[in-house]
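Protein chains: 2
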Amino acid sequence: MRWPFISRIIGILLVFLGLAMTAPLVCSLHYKDPAQTGIIQSIAITMFTGLILMVLSIKYEDEAYINQKEGMTVVALGWTAIGLFGALPFYFSPEFSSFTNAFFESVSGFTTTGSSVMTNIEDATPSLLFWRSFIQWLGGMGIIVLSLAILPFLGVGGIQLYKAEVPSPVPDKLTPRLSDSAKILWMVYAGMTLLEILFLLAGGMPLFDSVCHALTTMPTGGFSPKNASVAYYNSVYFDYVIVLFMLLAGINFSLHYQMLRGKSLAFWKDTECRFFIGLTLVCTLVITLDIYGSVYDSLQDAFRYSIFQVSSIITTTGFATADYERFPGLSQVILFVCMFIGASAGSTGGGMKCARIIVCFKYCYRELFKLIHPRSINHIKINNTVIPDHVLRSIMGFLALYILLFFVSSIILASMGVDMLTSLGAVASCIGNIGPGFGTVGPGENFAHLPAMGKWLLAWCMLLGRLEIYTVIILFVPEFWKK
Amino acid sequence: MRWPFISRIIGILLVFLGLAMTAPLVCSLHYKDPAQTGIIQSIAITMFTGLILMVLSIKYEDEAYINQKEGMTVVALGWTAIGLFGALPFYFSPEFSSFTNAFFESVSGFTTTGSSVMTNIEDATPSLLFWRSFIQWLGGMGIIVLSLAILPFLGVGGIQLYKAEVPSPVPDKLTPRLSDSAKILWMVYAGMTLLEILFLLAGGMPLFDSVCHALTTMPTGGFSPKNASVAYYNSVYFDYVIVLFMLLAGINFSLHYQMLRGKSLAFWKDTECRFFIGLTLVCTLVITLDIYGSVYDSLQDAFRYSIFQVSSIITTTGFATADYERFPGLSQVILFVCMFIGASAGSTGGGMKCARIIVCFKYCYRELFKLIHPRSINHIKINNTVIPDHVLRSIMGFLALYILLFFVSSIILASMGVDMLTSLGAVASCIGNIGPGFGTVGPGENFAHLPAMGKWLLAWCMLLGRLEIYTVIILFVPEFWKK
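Listed in order, the protein sequences are those of chains A and B. In terms of this note's numbering, the first sequence opens at residue 1 and continues consecutively. In terms of this note's numbering, the second sequence opens at residue 1 and continues consecutively.
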């Protein structure tokens with residue numbers, strides 16, 4: 001492990017983070033809000049630490065050839081460092097009483113979770129609200145590179161390997177080709193964000209609100225500058241626009257790229273995309289029927305609130321237009337299950353990912369098939385590509401770890417005096433990078449009342465989910481640190 | 001598939017069931033209770049159907065050589081038939097208003113689940129209460145053969161294969177050796193039941209109550225002839241006696257056999273047994289500290305109620321001495337997780353089984369280890385025996401199916417208008433063969449108020465859990481029925 005090399009990379013990340021903080025500074029100057037001093041302090045601390053880390057550490061000649069162990073350490077520590085320093089603008093503002101709260105909000109932002117500890121969002125300065133949205137957008141950018149290039153390169157996750165026609169084939173090293181494909185995908189990402197801003201503006205949403213919502217829809221983040229989230233506007237048009245962009249954000253970004261290249265059937269030809277859209281529609285239909293009559297008197301309303309909540313949860317965005325804790329049991333159980341499923345691999349969404357769920361179904365079916373035909377040899381295929389055995393093992397291990405860590409984290413959270421439903425709901429929400437949970441952290445509430453230790457635990461869960469579990473948990477395996 | 005052959009076996013099973021019904025008949029004659037007519041009717045119907053099935057179907061010469069497909073069909077249909085006909089004594093008694101309720105109680109009995117729809121247990125006739133306990137005891141006997149011989153022979157479950165020193169090696173066919181080892185294990189089972197009766201009598205429990213409780217402790221069943229379950233006696237002595245026998249029932253029966261053969265360290269040398277006992281102690285300790293002060297003022301009481309509830313849930317017995325829904329969140333989450341873990345493989349307990357959980361942990365660790373040392377070859381061992389790859393796959397498939405079916409069944413139950421917590425709790429309890437759940441089916445309540453369709457669903461969940469999932473679910477795979 002070349003620590004100076006790692007600290008150098010983290011230093012570079014912090015310098016970029018410091019540069020990113022100039023955006024809320026500009027916002028602050030424009031709105032003449034009192035947050036300027038805090039932001040300038042944050043920039044100073046972040047840039048200074050970043051430069052120190054860069055200057056003090058050696059530049060290796062073969063620095064492009066980062067190895068797997070270093071890669072994992074960089075990913076986990078880098079994301080943590082960004083969470084810590086990204087918390088500074090929150091910490092320096094009067095809305096945040098403790099660094100715990102600031103760190104929670106920051107990690108929730110960068111991991112695109114969207115759980116909040118802010119009790120009165122609308123009282124905050126515009127620059128703080130902008131920063132809150134902007135970090136989700138930056139987090140989403142990070143995830144695109146992470147899930148399409150870094151994690152497959154590190155051998156983690158094992159989903160991307162079978163994806164046909166990713167813009168760049170899985171690189172052996174972090175080669176320039178990666179940055180080419182990242183650029184293309186970022187342009188798709190930025191383009192869709194811009195498109196959403198225009199759509200929202202066209203419907204009459206103020207510019208600031210449009211920007212904030214678009215910045216948090218595309219990364220499936222879910223922070224809103226309004227206390228009531230999207231419900232504030234109570235607009236059919238805004239609801240459907242946001243549903244559309246949430247669903248687009250939940251689709252593998254390489255499919256968007258294929259669409260732009262003129263392959264108009266790309267969505268339809270992809271197994272995972274069909275599953276994701278199909279599942280969203282089925283859940284929407286069932287919940288519509290469940291809440292029609294019992295919660296909403298008109299079928300249109302039932303459909304509108306149903307598709308919004310389903311899209312918001314399954315893409316792991318977390319916007320709210322209704323309090324699903326007031327829905328009947330069926331709708332609640334479906335949304336709870338959706339929290340685990342999550343969006344597509346290669347999208348900005350979280351959760352277990354549809355691709356892994358499909359593989360898990362096929363794995364189970366293969367076991368049943370083997371009982372019927374013990375000597376048969378069956379390969380599991382997705383999109384007509386055979387999934388190699390080691391990838392299968394990696395996926396099943398991922399799912400098992402996900403469930404294990406969900407239960408362990410829920411027990412730890414409950415040990416801090418949190419009730420059962422809230423513990424299970426909060427952990428499911430944070431590990432899946434969703435936002436709202438169940439119990440006292442439902443869509444109508446926030447995470448402010450949880451104990452401080454619970455917030456650190458949940459922030460850890462967010463990182464766990466965001467970095468596909470293996471990358472974080474491996475740092476806690478003693479074997480990793482042996483020479 | 002030789003249907004006449006299968007119907008013959010089921011016929012034999014029903015004749016034996018009819019013979020077993022003479023036990024409550026004797027009980028009824030002794031107590032001179034009004035249930036006689038109903039029991040005689042039940043015997044007549046069951047025996048008649050059994051004989052018809054036997055007589056009408058052909059006796060094959062090579063009947064000993066049952067094949068795998070037929071074996072699975074026999075197991076699933078046989079258990080269902082026994083549930084249906086075992087329900088007759090309930091159906092003919094005034095306590096049961098519908099066949100649905102009678103079937104639910106019967107399947108809950110034979111699968112040793114212990115969930116009840118009886119709202120006033122103490123008003124029932126002694127012979128009915130005895131039948132209720134007796135079917136659990138018979139179910140427990142069935143499970144011993146099932147888990148030690150039939151399922152491994154069918155290639156299902158895949159746990160037993162690595163167990164060192166099972167009394168009989170896994171037979172290729174159902175050979176006479178199986179009945180030898182089954183006899184030994186049944187003697188252990190019957191001996192321990194007798195011992196428990198004596199222990200309970202020594203503490204002053206009436207003979208009838210002692211017999212009923214012992215008959216439902218050893219199969220980890222949990223039916224009690226009292227409305228308040230074991231809490232009725234409010235006796236420290238009874239609590240600890242029952243805890244002892246619940247834990248014994250949760251240990252692999254082949255280890256008991258080894259102990260009897262003089263291998264005094266058998267429990268200690270077995271990885272799964274250490275895990276099971278260790279986990280029980282850790283959970284007990286944590287819950288003791290959690291409820292001490294908050295629910296109970298004395299540490300002794302806290303420990304006593306904690307170890308009882310933990311043993312009852314983790315062994316999947318389901319007796320109650322306290323309403324754990326009034327415990328703090330931590331205790332509830334721990335008990336909820338214990339519902340999934342369950343007892344040891346080869347015991348009469350249900351759930352996922354400790355052995356599979358251990359394998360799952362090792363599987364996850366191996367994936368992490370592989371990330372650190374990509375070229376390493378690691379075998380997963382338990383008790384110094386390597387688990388073959390196909391067994392590993394079978395175990396991971398089992399765990400995935402367990403979770404998938406848990407979620408799917410919860411959604412279906414919720415679609416019948418049941419609230420979320422009750423849906424999740426009832427399904428977890430029934431698929432794990434435990435008894436009480438959460439929400440409105442907690443240890444202080446019963447299952448009577450659930451919709452009729454919900455009871456059929458839960459009875460199906462009980463069979464699913466009891467027959468190790470594969471055996472039941474495979475009948476729903478179209479491929480199984482192809483020639």
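Keep in mind that a hint or two might mislead.
Here are a few chain A residues that sit away from chain B, every Cβ distance over 10 Å (derived from the structure) [unchecked claim]:
no.: 1; residue: T22
no.: 2; residue: D33
no.: 3; residue: Q41
no.: 4; residue: I45
no.: 5; residue: G262
no.: 6; residue: L279
no.: 7; residue: G329
no.: 8; residue: R366
no.: 9; residue: T385
no.: 10; residue: R393
no.: 11; residue: L401
no.: 12; residue: S423
Only part of the chain A face toward chain B is listed, based on derived beta-carbon distances under 7 Å [as the list claims (entries may be wrong)]:
no.: 13; residue: T271
no.: 14; residue: L285
no.: 15; residue: L368
no.: 16; residue: E479
Since the hints were made in silico from the structure, they are not lab data. Just so you know, even glycine gets a beta-carbon here, dropped at the ideal spot from N, CA and C.
I'd like to know which numbered hints this structure contradicts. Please list them from smallest to largest.
When the structure is compared with the hints, numbers 7, 8, 10, 11, 12, 13 and 14 turn out to be violated.
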